[in-house]
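Colleague: Chain B: place on chain A using the hints.
Chains as they are written, first to last, in this note's numbering: chain A, 1 to 250; chain B, 1 to 275.
Everything labelled a hint here was simulated from the structure, so no lab data went into it.
All the pointers check out, no bait thrown in.
Facing chain B, a subset of chain A residues (Cβ under 10 Å, in silico):
no. : residue
1   : Ile28
2   : Glu51
3   : Pro63
4   : Asp73
5   : Val78
6   : Leu89
7   : Gln90
8   : Asp157
9   : Thr160
10  : Gln166
11  : Thr177
Quantities reported herein were computed from a predicted structural model and do not represent experimental measurements.
From the three backbone atoms N, C-alpha and C, an ideal C-beta is built for every residue, glycine too.
Residues per chain are reported as follows:
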Amino acid sequence: MNEPSADEIMTVVAARELRDRVVCFVGIGLPSTAANLARRMHAPNAVLVYESGTIGAKPTRPPLSIGDGELADTADAVVSVPEIFSYWLQAGRVDVGFLGAAQVDRFGNINTTVVGDYRKPKVRLPGAGGAPEIAASAKETFIMLRQSSRAFVSELDFCTSVGNHQGGDSRDMLGMTGGGPSVIITDIGVLRPEPGTREFVLTALHPGRTEAEAVAATGWPLRISENLTATEQPTEAELSALRALKAGVT
Amino acid sequence: MAMAEVMTLAEAVSSLVKDGDMIALEGFTHLIPFAAGHEIIRQGRRDLTLVRMTPDVLYDQMIGAGCARKLIFSWGGNPGVGSLHRLRDAVEHEWPRPLEIEEHSHAGMAARYVAGASGLPFGVLRGYSGTSFADYTDTIAEIICPFTGERLTAVPALRPDVGVIHAQQADRHGNIGLWGIQGVQKEAVLSADRSIVTVEEIVDVLDSRVTVTLPSWIVSAIAVVPGGAHPSYAHGYSERDNGFYVAWEEIARDRETFSTWADENILRRQSAGVS
Chain A
1 MNEPSADEIM TVVAARELRD RVVCFVGIGL PSTAANLARR MHAPNAVLVY
51 ESGTIGAKPT RPPLSIGDGE LADTADAVVS VPEIFSYWLQ AGRVDVGFLG
101 AAQVDRFGNI NTTVVGDYRK PKVRLPGAGG APEIAASAKE TFIMLRQSSR
151 AFVSELDFCT SVGNHQGGDS RDMLGMTGGG PSVIITDIGV LRPEPGTREF
201 VLTALHPGRT EAEAVAATGW PLRISENLTA TEQPTEAELS ALRALKAGVT
Chain B
1 MAMAEVMTLA EAVSSLVKDG DMIALEGFTH LIPFAAGHEI IRQGRRDLTL
51 VRMTPDVLYD QMIGAGCARK LIFSWGGNPG VGSLHRLRDA VEHEWPRPLE
101 IEEHSHAGMA ARYVAGASGL PFGVLRGYSG TSFADYTDTI AEIICPFTGE
151 RLTAVPALRP DVGVIHAQQA DRHGNIGLWG IQGVQKEAVL SADRSIVTVE
201 EIVDVLDSRV TVTLPSWIVS AIAVVPGGAH PSYAHGYSER DNGFYVAWEE
251 IARDRETFST WADENILRRQ SAGVS
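With the rest of the complex left out, here is chain A (with noise of 0.2 Å):
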């Protein structure tokens, strides 16, 4: 089998933060090849809830799209928009909030809202959709991105959606159910908030990487846990696994 590329890596190293029976709530994209992947591999009764009012859809393919129609036909049930809001997120049904982002800062706020200033942005992004009250209701969120100074910047330029906004208590101080993000997973390692603070420190290497790179790719002085650990290699069994749900094949 092919070696795998570093968005592979970053996926697989995804799935393994889901645990069965979780209820996760997934953002389109890379969060949501990771959750399928993770329901095909150690946690086949993961739930996972699209903001179209899908809950506990099964595809058998990354969707496209949130609304794709796989979706609504493998799901348990199939609810409104202001429903799956209201009575499944807001309401804290949901254990994680699985969520990409634009530009990242220390303290896992995202912004996927606007590059530059709001009214003349250089480049408009496409806003919220439902990620800044997955981030403050969900029990827990994991954060997914590729690691670069562009993305993983000082000051967002927006803030989108509320990770653990100042650090230290600020967060609860907002009055959020949610207990805000847990992980961010990057193609060259693992980020997790350090107790106390809250800032995001590096705590694991994905294969070949480097700490120079993590530090370079960042647009804040990352700090490096004492305990960092290394990213296990992929299995064989997971990057076939991978590749078969990116093909569609069940």
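Modeller: Below, chain B alone, put in the same frame as chain A:
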């Protein structure tokens, strides 16, 4: 109470949609009323305030065609593909005209529709605190719960002049039935002053798969437009044309390519649907 009137799509748009109206064309990836949007472009409506949670390819087309003055939304992208180039061109370079934006999250928009459908002045949710939204969007306000003292967020009701949706079926009495992903189809009709529903077909009895029914007397106009959601889809009737969404990236990237496409595929086309 008036029953829904069955008419052509062209008649429905010409009698119910006025320049300057606030209109909501809804459909959460599924059941997007593309044909109705194209008819609005074809009839040259201007200065519209467009409301939609996910302004995707349809609103990219309407914005590029110059119909819109303002956009109220919560996610403006081409799902799974990338940017909306016509929306970005309007926001970044004011082409073909400036576009005011009022930006929310999905939960905020959903709360606003529910408030509108409920005849309440505002909706309430846990949300927005700590984010940058309130710095730029003035329809977000903190509110204190009078019972618990909790800090929550209030958002004003959406009350569109016209709500427009696509659905699978209407029966002979004009009752609307739809199934699959429901989005805010119900709220788009119930929050609006007037409504247009395009349907795949009129049937004697609504299908047993129907999960959302809108009684005839709540809908203003029904137009029979088979395939009226394309490139979106109608569950049980058609598949989402993912290829078109991917192709849109290239069509919309450039002003000229877009204008040529709109000319050939909307402006010079006959009105869609059964007459």
